[in-house]
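K.L.:
Quick note, the sequences are listed as chains A and B, same order.
Residue numbering for the first sequence follows numbering that gives the first Met the number 0, beginning at 0 and increasing consecutively.
Residue numbering for the second sequence follows numbering that gives the first Met the number 0, beginning at 0 and increasing consecutively.
Think of the hints as simulated: they come from the structure by calculation, not from any bench.
As the structure is a prediction and not an experimental result, all values here were calculated from the model.
Heads up, some of the hints might be wrong.
Said to hold, decoys possible - If you want a taste of the chain A side facing chain B, the calculated C-beta under 8 Å gives, among others:
1. Gly505
2. Phe506
3. Val510
What the hints assert, rightly or not - Simulated pairs of lysine to any residue, SDA-like, Cα-Cα distance not exceeding 25 Å:
4. Lys440/B to Glu383/A
5. Lys440/B to Arg233/A
6. Lys85/B to Asn244/A
7. Lys85/B to Thr257/A
8. Lys85/B to Ile578/A
9. Lys325/B to Asp443/A
10. Lys85/B to Arg226/A
11. Lys85/B to Gly497/A
12. Lys85/B to Thr314/B
13. Lys85/B to Phe265/A
14. Lys333/B to Tyr464/B
15. Lys202/A to Pro62/B
16. Lys85/B to Gln145/A
17. Lys362/B to Asn240/A
18. Lys85/B to Arg235/A
19. Lys85/B to Ser237/A
20. Lys394/A to Tyr464/B
21. Lys223/A to Thr257/A
22. Lys223/A to Leu236/A
23. Lys394/A to Thr509/B
24. Lys325/B to Arg224/A
25. Lys85/B to Asp192/B
26. Lys202/A to Asn43/B
27. Lys85/B to Leu183/A
28. Lys325/B to Pro62/B
29. Lys202/A to Asp499/B
30. Lys325/B to Leu336/A
31. Lys85/B to Arg233/A
32. Lys440/B to Trp229/A
33. Lys440/B to Glu459/B
34. Lys394/A to Glu459/B
35. Lys362/B to Thr509/B
36. Lys333/B to Gly399/B
37. Lys394/A to Thr466/B
38. Lys85/B to Lys394/A
39. Lys85/B to Gly399/B
40. Lys333/B to Thr257/A
Each residue gets a CB set at the ideal place from its N, CA and C atoms; glycine is no exception.
Chain by chain, the residues:
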Amino acid sequence: MSTVTSEARPSWKRRIWAWLGSVERPTQAIERFSYQEDEEIDRPFNWAQLRRLLTYIGPYRGLAAAATAVTMVGSAMGLVRPLILLRTIDRGIGGHNQGLLDRYALAYLATYLLGWAAAGMQMRLTTRLGQSILARLRHHLFGHIQTLSLDFFDSRPAGNVLVRVSNDVNALGDLFTNGIVNLLTNVFLLVGIIVVMLILQWKLALASFVTIPLLIVLSTQVRKRIRLGWQAVRRRLSRINAHLNEAISGIRVTQAFTREDENQTFFSVINDRYYRTWMNTMRWSGMFGPMVNLTGAIGVAIVFAYGSTLVREDLASVALIIAFIQYVGLFWQPISLLGGLYNSLLQAMASSERIFQFLDFRPAVASPPGAPELPPITGAITFEHVSFAYAADRKALDDVSFEVRPGENIALVGHTGAGKTTVINLLSRFYDPTAGRILVDGYDLQSVALPSLRRQMSVVLQETFLFSGTIRENLRYGRLDATDQEIEDAAHAIGADGFICALPQGFDTGVGERGGLLSVGQRQLLSFVRALLADPRVLILDEATSSIDTQTELVIQHALERLLAGRTSFVVAHRLSTIQRADRIMVFDHGQIAEMGTHQSLLDHDGLYASLIRAQFRFLEGGPLGTRG
Amino acid sequence: MWVFRQLRPYYVPYLRTLTVALTLLGLFTAMTLLTPYITRALINSVLENHHWSELWPLVLALPLLSLTSGVVNFAQQYLNQDFSQKCTLRLRAALYARLQAHGFDYYDHEHTGNLMQRVTGDVEAWRTFWTQGMGEAATFTFNIVLGLVVMVTLNGRLTLFTVLLLPFLTISVMRLDRAMRPAYSRIRQSMSDLQTVVQENITGVRTVKSFAREDYALRVFETRNLAYMQYNVEAAILQSRYIPLIQLIGNLGAVMLLWYGGMEVIHGRMSLGTMVAFFGLLGYLTGPIQQLGFLVNLFAQAFASGQRLIEILETPDIVTNRPGAKELSPLEAKGDVRFEHVSFHYTESSDRLALSDVCLHAKPGMVVGLLGRTGAGKSTLVNLIPRFYDVQQGQVLVDGRDVRDWTLESLRRQIGIVPGDTFLFSASIFENISYGRHDAKLDDVRRAASLAQADGFIMELPDQYETTVGERGLGLSGGQRQRIALARAILYDPSILILDDATSSVDLETEYEIQTALERVMQGRTTFIIGHRISSLRRADEILVLDGGRIVDRGRHEDLVRRDGLYRDVFQLQFQGARG
């Protein structure tokens, strides 16, 4: 006989728990892809957070009160019905009184009619309440995000922000739609049932309350377990979907690098995991209904068992027993709804924490309150000992000073990371300098109202962002009140009207998903038109590095000339022609201006600029690369 | 029903589980119908007629029955879920396999969003049909049939009254369903409009800020925000018209039961216990009917979804291994590429040739440059080498053998491609670079990255090679992404390297550095370079100038700059006045 039987045969109890147990079984599959999940993690209950959340009800207090009142009416009807039933059986049927029966039946009908009216109103009111609060919260959140500066956006993927505004806000929907109303109504209903039962027959009432604790555990704890299970399922599914999305959009890479088989293996692992998580959750979820039923059956059995003793002693009538059975059946509804509320509160903690995190984020770049408007400027720019660091230990710009006259065209040149882009970021006030000042016509950038500054200084980015909509709408983004004629004139001035008119619907052609319809060069031309419409005094331009079709390239060179004429401009230049045309070239190196001057003077100087230029022409030297036989 | 026939492989193997589940469901329904009998007996014989000895057996029967029927119910649900989940597991795996196998031609015509809708929404609809659809349909049948039988045995006339309500109930339910469908789709649409605004204003935040358009953005947002709210409220109003009515109709049954049943009891035609039992049975008829609209919908959806799924599963692959195709051994591959009178067009219907009578011969180690306008056929030409498409006329040969006579995988194993629009997976940089070479070590990956001028910036990232990139990861600049793609191709160690506008997004200084590094990489490999910049084509052994799918000029840099033509135009544009 072996002595290790206890290990070989775990107890039934343990086996059952193991079967029900861990929702997630750790699997050691290699994670080839990583899909971040930052959703649906439960947070402990937090009063301060809840109070803050509840402030959003503020303007809708009246609506909330009305919704609660209507819901109470509906609940009261439910409470009254067993009483009518009791009287009908006792006096109408038991007393063989047809007249009473008719009247009670009418009263019974009346409760349902009233309940019908109340239910309709309740649905309309609670939805309006919940949706209004959500819309307000969403508006507040999006409005706040709009005020944030680029440090916020640069530090997180766009999808992350989107999830806050849509999913996290919607996750609060249940709380705001039904939560508040349910809390009051169901406490009222539960207390009502208990009181009525106690009045009708206090002994039988106390006996039937035995099942209440069981029901509470079911509706809070068991349900929580189930909810967590379904969350795990959703997470698994969102992994599958994230991977599918990539597998489809990256299919060309996969086939080019013959990775199909490996991806198939990866997919079958996550697919199978999803199946197992689902079935694990099913174990709890599938037990929930039967357990609630069983508790109900126990309640009914108690009422019959104890009730019949009372009937025997003439302390209760048959009708009372029947009414009690109805009441025992009514327990479940308020307890279940309150349990649901408890669960949606827990869920709301996680969502609201993330929402408040965003709302508490302060913009790094902001104008002081009451900052004066920047008057119309001529476009003189001064950098006074400007330094900047994105992170504490990495200085991107180190004590840079220069002055630019109105109307001067400046080309910024240098290696990647030398500081060109930082100059642009500071000029457009995407970031503020860590030390020193930047002046426009003698005004410190930080001291004037931001919108008045940005109206007079425009940035044309390297990658043109197009909003979904028509070409015309996208161009009008430069000046919202521009007429159609003005837009077309600007397009003509830039030379973009040629390709626009060749499009199926001309200016009214939709640009499609992220402007995929247009080539890089065409998109750039559109951004030029946009900037021309905005007509800023100071133009900041990050020239696209992308190599562009020769024909478009010609148009762009001409357009650039047109765009820069008569304004102060800073151009991060990648094209020789642009550099050569500049009034002055600033050569950046390690966060400082290494050289400054015209193309010719810098070539003569034979320093960093000259070597950069020469580097480009080294391509022209030497013979073919291949090893020709 | 052909949809269900076509998709047989994805559910037939598990039908036994479903059969057991549905049998158990029938058993469960029958068991629950016993409860009203017990209640009736308790009221009639125990409470009314004082047969006290029957009390305990009957009282104990209640929880016992609930327990056993609960177990049956659990088993039924569990098996049903197991069945439908296994079906979906299999279906999803099959879809994935097909999606991996479909060629470029397939993806040229299908949008990602569209396909995603199929593999998520349609698969889900298909699953719901099998779980809820089959379950509900069976519940519906069992409840109504068994419920009616029990009710008729208890009291025929009362049953008749109840049945009279059913048509009204059915009509309201179907109306609700019809009214809600457009309402829900409006809600979905307005949510996606709302998300678009948010998404665009975040991705385009620099544009928003540089034009100081925050207020405008908020106005646009608010319009959509209110629209979304409004549609939700409208849907609630629609629902509030029907749902309480549906409940009311069911409840009218209870009122009639009380009134008519009460009379029957008064006149001694029915016992009180039967009346109470009827209260319990009412839900058996009205409950399932309230699900009817949902059920009809499920069937319609499953049919439509199934059709779309079949489209993915049944679309044949055009590019496949020919019978008798040979392995291109990595040791013997030389990288000799020959095009013999190749013509190609993308769709059967299109009469515009993407390539027309192209001939070329790239000997092992040669560098071939390709120049031309957008749409001239450059990418098409290189896409024919790894058989992303098959030629319609002429042939493409690699190492002297038609590409169609090599096995697809061994052929592609010899070709490394760096496309202009870089795709990175949501994975670490290490994982992205070693995408084609899963056995690569960190040292190998770093070596490839160094050659692609990527090691420097990668080492400065927060987690270096473990940094997650891709759509859901850290944003990299276009130039950085291209360099990672370049490292990927270098690590793949192919005998044929294709650079399709691969350095378009890096600035000139970096490009120069990459070019220098590439000189080493290109050693011993046949390389095709597509570019708009002379700087990247300049040192090719042969430069082909394409226009409208034809080779209009070919030669070396020195020859081409001397001739009038596109090449010289581009050259002059890019280097005008170059030497100051």
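K.L.:
Does each hint hold? Answer for all of them.
P.N.:
Outcome of the hint check:
Interface restraint check: Gly505/A against chain B, minimum CB-CB distance 20 Å, threshold 8 Å, status violated. With 8 Å as the threshold, the beta carbon of Phe506/A stays out of range of chain B, its nearest partner Cβ sitting at about 19 Å, so the hint is violated. Taken as an interface hint, Val510/A does not check out: its beta carbon lies about 11 Å from the nearest beta carbon of chain B, beyond 8 Å. The hinted pair formed by Lys440/B and Glu383/A fails the criterion: a straight-line CA distance of about 49 Å is larger than 25 Å.
Restraint check for Lys440/B and Arg233/A: not satisfied, since their Cα atoms lie roughly 34 Å apart, outside the 25 Å limit. As the CA atoms of Lys85/B and Asn244/A are separated by approximately 22 Å, the hinted pair is consistent with the 25 Å bound. Note on Lys85/B and Thr257/A: the hinted pairing is violated, with a Cα-Cα distance of about 29 Å set against a maximum of 25 Å. Between the alpha carbons of Lys85/B and Ile578/A the distance comes to roughly 64 Å, so the proposed pair goes past 25 Å and is violated.
A distance of roughly 72 Å separates the Cα atoms of Lys325/B and Asp443/A; the hinted pair therefore is violated under the 25 Å criterion. Proposed proximity of Lys85/B and Arg226/A is supported: the alpha carbons are some 22 Å apart, at most 25 Å. Taking the CA atoms of Lys85/B and Gly497/A, the gap is about 57 Å. The hint is violated against a cut of 25 Å. Straight-line distance between C-alpha atoms of Lys85/B and Thr314/B comes to about 24 Å, which keeps the hinted pair within the 25 Å bound.
For the proposed pair Lys85/B and Phe265/A, the alpha carbon gap of about 18 Å is at most 25 Å, so the pair holds. Distance check on the hinted pair: Lys333/B and Tyr464/B sit about 32 Å apart at the alpha-carbon level, beyond 25 Å; violated. As the CA atoms of Lys202/A and Pro62/B are separated by approximately 22 Å, the hinted pair is consistent with the 25 Å bound. The suggested pairing of Lys85/B with Gln145/A is violated, with an alpha-carbon distance near 46 Å, which exceeds 25 Å.
A threshold of 25 Å between alpha carbons decides the hint, and for Lys362/B with Asn240/A the separation of about 44 Å lies outside it, so the pair is violated. Taking the CA atoms of Lys85/B and Arg235/A, the gap is near 16 Å; set against the 25 Å cutoff, the hint holds. Taken as a hint, the Lys85/B and Ser237/A pair is honoured in the structure, with Cα atoms around 18 Å apart against an allowance of 25 Å. Our distance criterion of 25 Å between C-alpha atoms is met by Lys394/A and Tyr464/B, whose separation comes to about 23 Å.
Distance hint between Lys223/A and Thr257/A is unfulfilled; the C-alpha atoms sit about 45 Å from each other, more than 25 Å. With a C-alpha separation of about 20 Å, the suggested pair Lys223/A and Leu236/A falls inside the 25 Å cut-off, and the hint holds. This hinted pair checks out: Lys394/A and Thr509/B have alpha carbons roughly 21 Å apart, not beyond 25 Å. As the CA atoms of Lys325/B and Arg224/A are separated by approximately 56 Å, the hinted pair breaks the 25 Å bound.
Distance restraint check for Lys85/B and Asp192/B: the Cα-Cα separation of roughly 35 Å exceeds the 25 Å cut-off, and the hinted pair is therefore not satisfied. Between the alpha carbons of Lys202/A and Asn43/B the distance comes to roughly 23 Å, so the proposed pair stays at or under 25 Å and holds. Only pairs whose Cα atoms come within 25 Å are accepted, and Lys85/B paired with Leu183/A is rejected, the gap being roughly 44 Å. Distance hint between Lys325/B and Pro62/B is unfulfilled; the C-alpha atoms sit about 71 Å from each other, more than 25 Å.
The hinted pair formed by Lys202/A and Asp499/B fails the criterion: a straight-line CA distance of about 86 Å is larger than 25 Å. This hinted pair does not check out: Lys325/B and Leu336/A have alpha carbons roughly 67 Å apart, beyond 25 Å. Straight-line distance between C-alpha atoms of Lys85/B and Arg233/A comes to about 17 Å, which keeps the hinted pair within the 25 Å bound. A hinted pair counts as satisfied when its Cα atoms are at most 25 Å apart, and Lys440/B with Trp229/A does not qualify at roughly 38 Å.
Pair hint Lys440/B plus Glu459/B holds up; C-alpha atoms about 20 Å apart against a cutoff of 25 Å. The hinted pair formed by Lys394/A and Glu459/B meets the criterion: a straight-line CA distance of about 14 Å does not exceed 25 Å. Pair hint Lys362/B plus Thr509/B does not hold up; C-alpha atoms about 29 Å apart against a cutoff of 25 Å. Restraint check for Lys333/B and Gly399/B: satisfied, since their Cα atoms lie roughly 10 Å apart, inside the 25 Å limit.
Our distance criterion of 25 Å between C-alpha atoms is met by Lys394/A and Thr466/B, whose separation comes to about 22 Å. At roughly 57 Å between alpha-carbon atoms, Lys85/B and Lys394/A are farther apart than 25 Å, so this suggested pair is violated. Proposed proximity of Lys85/B and Gly399/B is contradicted: the alpha carbons are some 48 Å apart, above 25 Å. About 19 Å separates the Cα atoms of Lys333/B and Thr257/A, which keeps this hinted pair within 25 Å; it holds.
When each numbered hint is compared with the structure, violations occur for hints 1, 2, 3, 4, 5, 7, 8, 9, 11, 14, 16, 17, 21, 24, 25, 27, 28, 29, 30, 32, 35, 38, 39.
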